[in-house]
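Enquirer: Here is how the chains run, residue by residue.
2 protein chains.
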Amino acid sequence: ENWVIIGVVCGAAVLTVGILIGHFGIAKSGTSAPSWLKDVAKDVDESLIEKFMSEVDNIQIQENLRSLTKVPHMATTAGDEETVQIMLKRWQDPETGLDKAWREEYWVYLSFPDKNNPNTVTVVSPTNTVLHTIREKEKPYTPDQSDPEVVQPYAAYSPAGHVKGKLVYANQGKPSDYSELNKTVDLRGTIAITKYGGAGRSAKAINAAPYGVVGVLVYTDPLDMNDGLMSDANETYPHSWYMPPSGVERGSYNIDFGDLLTPHLAAKEETYRINATDITGIPPIPTQPIGFEDAYRLICELGGEPAPDAWQGGFNCTYNFGGPGFKPTSTAVKASLSLFCVAFHVSDVKLDIYNYEEVKPSSNVMGFIRGSVEPDRYVIYGNHRDSWVHGAIDPSSGTSVMLEITRVLGKMVKQGTWRPRRSIIFGSWGAEEFGLIGSAEYTEQYFAALSERSVAYINVDIAVFGKKLHTAPVKAPGHEKSVYDNWLQYTNKTSPTHGLIPRMGYLTGAGSDYAPFSHYLGITSMDMSYTYDKTKTNARIYPAYHTAYDTFDYASKYIDPGFVGHQAVARTAGNVLIRLADSLILPLNCADYAESLEEYLSTALNLYEQKLKSMNISMGKNEYQPPLLYHVFFLRPLKVRWINDQLMLLDRAFLDPLAFPDKYGFRHVIWASSSAGKQTFPGLADAYANAESSGQASDWDKVHYHLSVLSQAILGAASTLTDDMPIKEWLKNFH
Amino acid sequence: ENWVIIGVVCGAAVLTVGILIGHFGIAKSGTSAPSWLKDVAKDVDESLIEKFMSEVDNIQIQENLRSLTKVPHMATTAGDEETVQIMLKRWQDPETGLDKAWREEYWVYLSFPDKNNPNTVTVVSPTNTVLHTIREKEKPYTPDQSDPEVVQPYAAYSPAGHVKGKLVYANQGKPSDYSELNKTVDLRGTIAITKYGGAGRSAKAINAAPYGVVGVLVYTDPLDMNDGLMSDANETYPHSWYMPPSGVERGSYNIDFGDLLTPHLAAKEETYRINATDITGIPPIPTQPIGFEDAYRLICELGGEPAPDAWQGGFNCTYNFGGPGFKPTSTAVKASLSLFCVAFHVSDVKLDIYNYEEVKPSSNVMGFIRGSVEPDRYVIYGNHRDSWVHGAIDPSSGTSVMLEITRVLGKMVKQGTWRPRRSIIFGSWGAEEFGLIGSAEYTEQYFAALSERSVAYINVDIAVFGKKLHTAPVKAPGHEKSVYDNWLQYTNKTSPTHGLIPRMGYLTGAGSDYAPFSHYLGITSMDMSYTYDKTKTNARIYPAYHTAYDTFDYASKYIDPGFVGHQAVARTAGNVLIRLADSLILPLNCADYAESLEEYLSTALNLYEQKLKSMNISMGKNEYQPPLLYHVFFLRPLKVRWINDQLMLLDRAFLDPLAFPDKYGFRHVIWASSSAGKQTFPGLADAYANAESSGQASDWDKVHYHLSVLSQAILGAASTLTDDMPIKEWLKNFH
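Just so you know, the sequences run in chain order P and S. Going by UniProt numbering, the first sequence opens with residue 1, and the numbers climb by one from there. Going by UniProt numbering, the second sequence opens with residue 1, and the numbers climb by one from there.
Do not take every clue at face value.
Said to hold, decoys possible - Mimicking BS3-like on lysine-lysine, the simulated pairs with C-alpha atoms at most 27 Å apart in a straight line are:
#, chain 1, residue 1, chain 2, residue 2
1, S, Lys-115, S, Lys-137
2, P, Lys-360, S, Lys-137
3, P, Lys-174, P, Lys-481
4, S, Lys-360, P, Lys-268
5, S, Lys-268, P, Lys-702
6, P, Lys-613, S, Lys-360
7, P, Lys-481, P, Lys-414
8, P, Lys-115, P, Lys-174
9, P, Lys-702, S, Lys-702
10, P, Lys-611, S, Lys-268
11, S, Lys-115, P, Lys-663
12, P, Lys-663, P, Lys-678
Claimed, not checked - So the derived label-pair ranges between C-beta atoms look like this:
#, chain 1, residue 1, chain 2, residue 2, range
13, P, Glu-599, S, Glu-609, 52 to 60 Å
14, S, Arg-540, P, Asn-616, 41 to 49 Å
15, S, Asn-616, P, Thr-280, 50 to 58 Å
16, P, Pro-308, S, Asp-662, 46 to 54 Å
Don't read these hints as lab results, they were simulated from the structure. Beta carbons: idealized from backbone N, C-alpha and C, even for Gly.
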C-alpha cells in the first residue's frame, strides 16, 4: 500500500532539481511536454530572455570580481564591510539598481586565530627545545597575498589549547581509520595527522578524541588535489592552478549549520543563547591545518609499520603509522631536515592553539524587485559574500555573477521595460564560511513567510570551479557548443520521460547556502556552477580553495581567462531566474521528482527488502513496485490540477521536523544528508546501516520508524497533489 | 523592537476565534466594517443561508439522537460499528447525502476493563476479610442503562494491579495537595482518594506516585457537580439533571493526545510503534473512579486531622486527611456502615484492577462535498462518534447536529441548487474518548495537505451542555432573543474595534478534536456549543458526563427538551460553515487576533517585565507598548493586502514544532496549553512560573528562550501579512 503513493507522486508531481531540464530539454525538444506547458510558455517573454542573455557581459563580471577581491574579506572584518558597501551601492544605483536594498544584521558566534599570538605547530625535544616550526602563513607570490589581513590558516571552532605528543598518521580521520590505527598503535596522548577528504573537517578530531588522541593536524595531500605535483618552482601556482606547497585549506570545523549559539532562533542581539559548552559537532581537541610542505616533512619521518596501500598519498616516501612518533635517527635524514637530527625519534609534535570565540555582528545584504502580479511570491537568488581570504572564486565568482544579473535586470526595471510577475529577493549572505550562518539565520527569522511564499531558491556560490584544465581544456561555453550540449556530453542520464538528458546531482548535503532553504524550509532549490572535466584530474575542488591563493590573479589566469565561463553561468542562472519569476505556471516539472523517488525506492528494495522481510518489517506490497509505478506515471500527468501552489509547496510536504533529531536543520525526508553512502531514502539508509552494524533490536526499531516516516511523508506529499480529496479516496479513481 | 510586531499583526492580521463576531457583530452593525468587506459580502448568498436556517429541523435532530444512542457505542465495540453504518448510510444517501463518504481506519492502542474480571475496590481487614465492596456498576433507572454493554466505570490506561493500603484524602490530587498532605501523613503505601477537578485525570495518579502512594481513587464531589444534592429519591436523575449517587465519570487517564504508540505517525497497521513501557503521561499506579455514594462512606470515616477548609466538599461530615486510614471504631458508626464495625480503623482499601490494553482498528467516517471554484481549499467540520456509554450528549448531540447540517446541505447539493465555493470535509472521528485519537491520526496522516489547504476547522462535540436549568431556565434560543443577543447578554467583552461583543474563550487546551487541528496543524479553529448560565450552578459540566445516565431520556428531558437548543447550534454552526465555504474573501477578521496578542502582551508586561529587567532579560522597548500599538492597529488595516492565503495561513505561522518538547502535539506558541494559570503567552508563563519557583539559572534561561521563540514567531507571523517584502523593511513604510 505504501508504494502506490510513489506512483501518485509520479503521476501528479513536480521536479526539485530539474528546472533546467524542463527548459533546455523539454522545451527545446518539444516531444514529451504536455500541451498546457506550451500554452502557458508564452507567459515568459522569450525575447526578453534573449535580451537579458545578450546584455550579460563577461568584462563587467571580471570588473565585479576585481573590486570584490581587492582585500581579504573574512566575515565581520573591515574587508567584509567594504563588500557590504559595494553591494549596497550597486543595488541602490539609480540607473541599474533594484527596487530596494538593505542590510540585515545577526550577532553570530565566530572563531578566530589570535593575531597577537599566532597558532604554532612545532616539533620539540623531550626538553622542549624547538627542533622545527611549521610555517605560520602561506608563502606570498603576489602583493595581495602578503596583505597583513590574510588570516593565518586555522581550524575555526577548534578549541584553544597546548598539547603535545608523538605523531601518528590517521589517513582521513574516519572512524574506520582510527580503529585500524588503534590495532597496532597505542593512541593515547598522540597527535594525529590526517589528510582532507573522506570525513568532515571536525569529524577528524571528533573521531580521534575517544582514542585518547590529544591534537589533530590536517593537510591536503598532493595526490588528492595536485595530481601529485608538489614544486612551486615550475609545477604549482603561480605556474598552474595547483596548490603551492605552503597552501593551506582553512575551514569551519563544525557540523551543524547556522549560528551555533542560537539553534532554530535568529541570532538577534537580545536572542536567547545556549552555553558555548553545550555546542556539539566541533573539535573537542586542538586542531590545526598545515601545508603539505610541512606535512611531507612530518609524514615521511614517521616510524612504525607502513600504513595500508589505500592510505598512501603523493609523497615520495612510505606513509607509516608512526611508532608512535618519528623514525630512529639512524634512518636517512634529508638535508633540509637537519634540525630534526637532534633526538629526532624521541621528539613530540606540539600544538599551541590560541583561537578565540566572539559574538560579532554579521550582515546579509538584501535586494528586492517587487513582482507586478504576485508580489508576495518570492523567487530567491543568493550567494554568500564572506571569504576566508580574498575569495576570488569562493565566493566572489558567484557574487560577481549575481551583480551582473542584478545590473542587467535592475536596468530593465529602472527603465520600466520589465517587471517580474513574482517578487525576486537577492541575498548576499554573511558568515557562510563559518557554517552557512547568514542564510540560516535569515531562514529562521522569516521561517513562516518564506515557507509560505517562496517559489524556489537559486544558489550560485562558486560560479566557475574551472573552465579549462592545464592539460585538457573543455570547450569554451557559448562558442562551439551550448551549455546544454556541453553538459549533456559530460554528465548525463537516461530518463524514462525525457530520454537522454543532463544529469543533476541531488542537494543532499549542506555545502552552501541552499541547505537552510532546501533542508530546513523545504523550498525547491538549485545550486549551479560551471566545472571542469573530472575525468582529467583527481582534484576534488579547485586547488586554491580556502587558501591565500584564491585571488583575482588566480581566477583570471587559471580558472576562467576571459570570464566567459562566468558569463555562461550568469546567462544560465539568470535565464532560470526569469523563468521562475515570470512564468504563469511555475516551470517545475513533476517527472523528475517521480523518477528520483522511483530510483530511491528501487535502490531501497534491492538493498533492504529481503532482510527486513526476515525481521517481519514490511516495505510495502509487491503490486506497487516498479512496473506499475511507471504505468501510473505515464497515465496520470494530465489528470492532475497543475497549480502553482501545489508545485511550490510540494517540497514543503516532505518536511518532518522530528525525523532527524541528530541532524541539525535537516527536515526533508528525501534530501537529508546521509552517512550510509547509499543513494536512497536517507533516514532509512542510515538507520539500516546502523542496525546492521549493531544488530540491536532498538536499532531495527529505528529502521521500522523511518519506513513509517517515509511512507507517511510520501503519502502526505501525494495528498497535496490531488485535485480535491485527500489521497486515499482519490486513488480509487484509478482502480 | 519585538513588540512593534504586535502592532503589525494588529494592523494586518486575522481573527482566530472571532468568526461569529465578524458576522453577528460587524456585518449586522455595519459601523466599523471596511468597505471591501461589504463589497465581497455578496459572494455569500444570504437567501441560501436563510433557506438553510429554515430547513434545519429540531425533530430531525431528535430522531438522529435517538438512533445514534440506541446502544452503548464505546470506540471499536459493536455499537461503535453500528454508528459507523449510520453515518455511512446517511452520507451516502442518494437524496440527502454528500458527494462521497468513506471510512478511514487506524490501529490504535486502547485500554479496557476485563468483562470477565471486573475491577473491584474493597475495604479489607488485616486478614483480608472483605468488609465492604464498592459498587461495580451504576444503578440503572431505565432499561438501556442496564444494557450488558454498559462498560464498567474505569480509568482508561490505568495499569492493572493489586494494591492495598490505608486510605488518605488528597483533595484534587494536585502537586500542592499531596505536598500539603505529606506534611502530616506518611503517604508511603497508602491509597489516595481524590475528587475530579483541579488537575487532569492522570495527573492525580502521576502526582501521587512520588510520595509512595500505591493506588488512587477518584470521585465526583456533589458540591462540585450537584450543587450539593445527593439523593436519588427526589433530587438527582431521574428527577433532575444531577448525577445519581452511583454515577461515575469514566475517562481517559492520559495527557498526550493521539495514539500513544505512534507519536507523530498515523497509526496504520504496519506503522512503527514505540514500546508500551515508553508511554508517558498515564497513571503509574492502579487508579479507579467510583461514585460519590461510595466515596461518602469512605471519606466520612477517615481519621486523622481535618483537611483544610478549601478541601471540604458536599458530604455532611468533616473531610479528614486520613490517619492514614479510618477512624477508630469508637466513633459513631452509621447503621448503613455496620459492616465496617469489624476492626474498621485497621482496615485497608484494596484495588484489584484488571484493565488490559489492546491495539484495535478504530474508524473515522469521512464525508466530502466538492468545492466548485476552489476544490482544494477545505473547510473541515467534525465531531467524534464514540462515547463511553450511550453518549447522548457527549458526543451524540454534536453528531445529531452534524447529521442535520449534512442532510440540509446534502439535499441542496443533490438537487443541484447549491455547491460551495470551497470543498467541505466532514469528519466523524473515532476513539476521541481515549485521547482525540481519530482526529489526531487523521491530522498526522494528511499533515501536509491539511496544512496547506485547510481554511478552518469547526468542532461541535457536545452541542448543548444545558439549555435550561431546573432552577432558572435560560430563554429558549430563537424565541424571545437571538442566539447573538443571548450570548451578548450572558458573556461579553468590550473590544477596542467592535465595542461590546460576545466573549469567546480561547482554545488553549486539548478538550476535544479541535486540538490536533489548532495546536498541531495551526489551522484556525472553533469549538461551539450551547451552554447553561454558569452563575446559577456549580456544575462544571452537565452532571451525567461520561456516566451511564447520558442517554436519550436524559438529553430529551433535562438538557434540551424539544431540541431547540440543538437546532440553534445547527443553525449557527451551519451558518458559519457556509460562510467559510462560500465567501470570496474568507470571513476571518484580523482585529481579534491583534486584540488577543495585545492582551497577552499587556498581561505579560505586568506580570514579568520588572523581574526580568532585574535579570537583564529584555522584553522589548517601551515605545512599542499599548498606546502605539493601538495607534498602528487603527491606522493600518486598510493598507494590507487581504488575501485568503494570508488569512488562512496566519495561524500556521505561529507554529514552532520545537518550542514545547514536553507537550505532545502542541506547537502553537500563542494557544498552547499552559499550567501557569496566566492568560498570556503560554511558554513564557510556564517558564516564568517554573523559574520563579526553582530560582535556578537554567530555568531563567528557559524564560529567555521562550521570549526569543515568541518574538520570532510574532515577527514571523507578521511577515506573512506584508504585501510584498519581509517585515523589517516593510515596517519602514510607517516610520
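Enquirer: What hint numbers does the structure not satisfy?
Expert: The structure conflicts with hints 2, 3, 4, 7, 8, 9, 11, 15, although it agrees with all the remaining ones.
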